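Chains as they are written, first to last, in our numbering: chain A, 180 to 505; chain B, 44 to 285; chain C, 3 to 286.
Hints should not be assumed to be uniformly reliable.
FRET-style restraints, in silico, Cβ to Cβ [what the hints assert, rightly or not]:
1. A:Met324 - C:Ser116: 20 to 30 angstroms
2. C:Ala154 - B:Arg278: 38 to 48 angstroms
3. C:Pro59 - A:Met324: 50 to 60 angstroms
4. C:Ala174 - B:Tyr280: 34 to 44 angstroms
Pulled a few chain A residues facing chain B out of the computed Cβ check, cut under 7 angstroms [to be verified]:
5. Thr373
6. Ala380
7. Pro397
8. His398
Just so you have them, the derived chain A footprint on chain B, three or more residues with Cβ under 8 angstroms [said to hold, decoys possible]:
9. 112-119
10. 249-257
It should be emphasised that the hints constitute simulated quantities derived from the structure, not laboratory data. The structure presented is a predicted model; accordingly, all values stated were derived computationally and were not measured. C-beta: ideal position from N, C-alpha, C; glycine also.
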Amino acid sequence: MDGNPSSASEGAVLVPARTRGRPWGYAAAAASGFLLLTVPVWLPDRYVLSTFVLAHLYAAMAAGWDVLSGFTGRENFGYALFVGTGAYAAALLSTRLQFPLWCTILAGPVVAAGLALLVGGPALRLRGPYFALASLAAAGVLERMTLLLWPITGGEEGVFGVPPLSLSAATTYYVTLAFAAAAVGGLWWATRGTWGLVLRAIRANEAACEACGVHTFPHKMGALLLSATTGGLAGSLYAHVQEHVGPSVYSAALSVTVIIMSVVGGVGTVYGAAAGGYLLTLLSESLRRFGEYRLLVFALALLPVVLYMPRGVLPHLLGHLRRRER
Amino acid sequence: MRSLVARDLQKRFGGLVALAGVSLEVEQGEILGVIGPNGAGKTTLFHVLSGFLPPDGGKVLFRGQDITGLPSYTVAQLGLVRTFQLVRPFAGLTVLENVVVACTSARSRRLSRGRSLQDRAWELLRQVGLAHRAAEPVDHLPFGELKRLEIARALALSPDVLLLDEPFSGLSAAETAPLLELVRTLSQSGATLVVVEHKLRELMQLVRRVVVLDFGRVIATGTPEEVARNPAVVRAYLGGAA
Amino acid sequence: MADVLVLGAMQSAVYALLALGFTLIFGVGRVVNLAHGAFYALGAYAAYTLVVVWKFPLLPGALVAVLFTALVGIGVDRVLVRPVRRSITAVLILTLVFALLTEQVLYAVYGYTSRNIPAFTTATWNLFGVQVPGQRVVTFGVAAALVGILWALVYHTRTGATLLAVAQDREAALYMGIDVDRVTSLTMAASAALAGAAGVLTAPLLVVSPHMWLLPLVKSFAIVILGGLGSIPGSLLASLVVGYAETTVSYFVASALADLIPLLLILAMLLLRPTGLLGRHVEV
């Protein structure tokens, strides 16, 4: 991707699609919003609700991943770093130090953001495979450390007895829905304007951005912070929903799941990533009987998307609808 | 008043000496041409002047201020802007959006006196003759128009000095004429330009003073006619006695 | 001390196999192959299947396992990498997904219980005053031999020259009439074979489990970054560094920390000196 015009169009297989305020998009958002609000009414089953709770969290995580990786060209292969940190922060503070619920929930994003500030400086200088590797390694380091520091973290077993978010399934549902709505909505709003353009320009050609007088670091850091905070909050909520946290929250599987959701739904479009989160969580739960092969399903969903719908399912659909409009 | 001064710039890449002590001065309002055979160090010179690469030795003074080693975005913010030889458009964005990004820089905002980013971008596109392409994805543009887009982005910063890196390379005859016109207009409106170019015919029509580089050194300066007759220059281009 | 020297060499030899494979496919195909660890796992599991389950004799079984891995490598290149080569992101994602898929399939077939392969030899040798299990010596010997063969192939044959040409400038090689796609596939096969061989050679020493792909991947990546992405001598040098670092830490501090070392090394490397010891410049 050297800016040579003959490669300008072929260089981007995973090209972020554009958000344009089209009626279809808004209508779909409104409809799905309404549907989601009323799920507890027409599907009051506890299991279904817990599935949706997970979907809310994943949608937010996918959106959080996308705001950094879909937009700035820093593909984060260790997003679990933020989620896991948020989860463990909440779990440890609530079980070991008996902090109140609202405190531990907030601790997640705060600690994750702190982590981002700490490593963001040197890390954001890296691009492409280097950044991917660094993030993969970072998550891996923390995964190892939870095992090594087992007196504190409970090792393989993890932390049990994390206080639940709420005893009512419906309340848990609405709290996580509110989080998802706020996260996705907030991230979408933040990236739809000029800032989103600058982020995408950074991805397209960072050197050219700087040549245009744009100091890229603050923008990248902003995206990283948003990404980390979203992940951290998803993590702490996750801890209170599952009432247990283990080393799997730092796993590569989680990082990859989030990536797949975003890619399938639409990289570079916050709403697409969120949609991917919902789609794949619900899909995998409905295929529950395959148990551990969830990732298999994801992977099989991913292949055709990457090969034939490189912008992601949602932008692809929207593109079709727009073309038919003319 | 000298807008840009380079004093004894040195740059090596491992064992390769790209700049071996280059000094030059650019007067305000002039168009200076920089020529030399391939590998003479012209693009490296631009990289060093504009902050893309720090020099290993020497100084760069811009309007009297020492800008040696400052990063490229700072240099651009100060008013020294460069374009790239191999154009670097923001793929995936439209033509207008490409320019808008440049307009978000602090300097651009400051100097556009309260106009919206979009308006400023439109104005710049009109200035380079690309307004009719505003909504198109930048990937659709032919090379000649991409070059003009580069210039539009550079102009977003209202540069005091503009470094044009081979603006005419790769262009067909049809594309060259409008670009030549654009550059002339820019110069006439008072901009200071430094142009690296291989297409000597086009360059000589634009500039009144030329600096010749070879092997990282300045081997001649003067008017186009003087330089063309300089035996050292001829030797550099044609090889001379082996 | 002698222990560390000898064991470190053995460890480095295996790492060299892994790192070389990784750096080869990056240098030639510009592919950051996150499935590299999966090839390692497949090599080990293939050997297990052939030798333990299907009762093949040891040596032929090992060879077939490596061959199998090479074929899988070609498959991955043609099906997953080739269509999306232009996008680094897509390649990263697809190869990582392949790795996870492999884990899932291996788990499906064999479950999570670790398996074991019998050693090639149960003799214990005495090297420089250190008691070394024969298997380790075999591993070292074969690994060193493979590295030597590879070196000879790359730097002293025509095929190797073709490889280097494609690595240097793919487009120019294309203009010269070189079938770059085919060269890339073959390189991937070689890369996978090296990883598979590493798997076969270390399987008798360690346990074989479905998630054994991640750590070797990260370590290969670490070593290659340390040595400089795309530099063969760099990878060899870095293999020695990492192999000895790990052995030393394992010996003098705690073996549990040994796995952490490469991870921390990568992070340190990336944050401080991304181009590595001998690598190319990171692009401006």
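Consistency of the hints with the structure:
1. As the Cβ distance of methionine 324 (chain A) to serine 116 (chain C) is approximately 23 angstroms, the hint placing it in 20 to 30 angstroms holds.
2. Alanine 154 (chain C) and arginine 278 (chain B) have their C-beta atoms about 46 angstroms apart, which keeps the hinted 38 to 48 angstroms range intact.
3. Judged by the Cβ atoms, the range 50 to 60 angstroms given for proline 59 (chain C) and methionine 324 (chain A) is violated: they are separated by roughly 44 angstroms.
4. Checked against the hint of 34 to 44 angstroms, the pair alanine 174 (chain C) and tyrosine 280 (chain B) fails, with Cβ atoms roughly 26 angstroms apart.
5. Interface hint status for threonine 373 (chain A): upheld, as the beta-carbon distance to the closest one in chain B is roughly 6 angstroms, under 7 angstroms.
6. A distance limit of 7 angstroms between C-beta atoms decides the matter here; for alanine 380 (chain A) the minimum to chain B is near 4 angstroms, and the interface restraint holds.
7. Of the supplied interface hints, the one on proline 397 (chain A) is violated, with its beta-carbon coming no nearer than about 11 angstroms to a beta-carbon of chain B, more than 7 angstroms.
8. For histidine 398 (chain A), the shortest C-beta to C-beta distance to chain B is roughly 9 angstroms, which exceeds 7 angstroms, and the interface hint is violated.
9. For the stretch 112-119 of chain B, the stated coverage by chain A holds: 5 residues have a C-beta nearer than 8 angstroms to a C-beta of that chain, and at least 3 were required.
10. Check result for the stretch 249-257 of chain B against chain A: violated, 0 residues qualifying (beta carbon to beta carbon below 8 angstroms, three or more required).
In terms of the numbered hints stated before, the structure departs from hints 3, 4, 7, 8 and 10, listed from lowest to highest.
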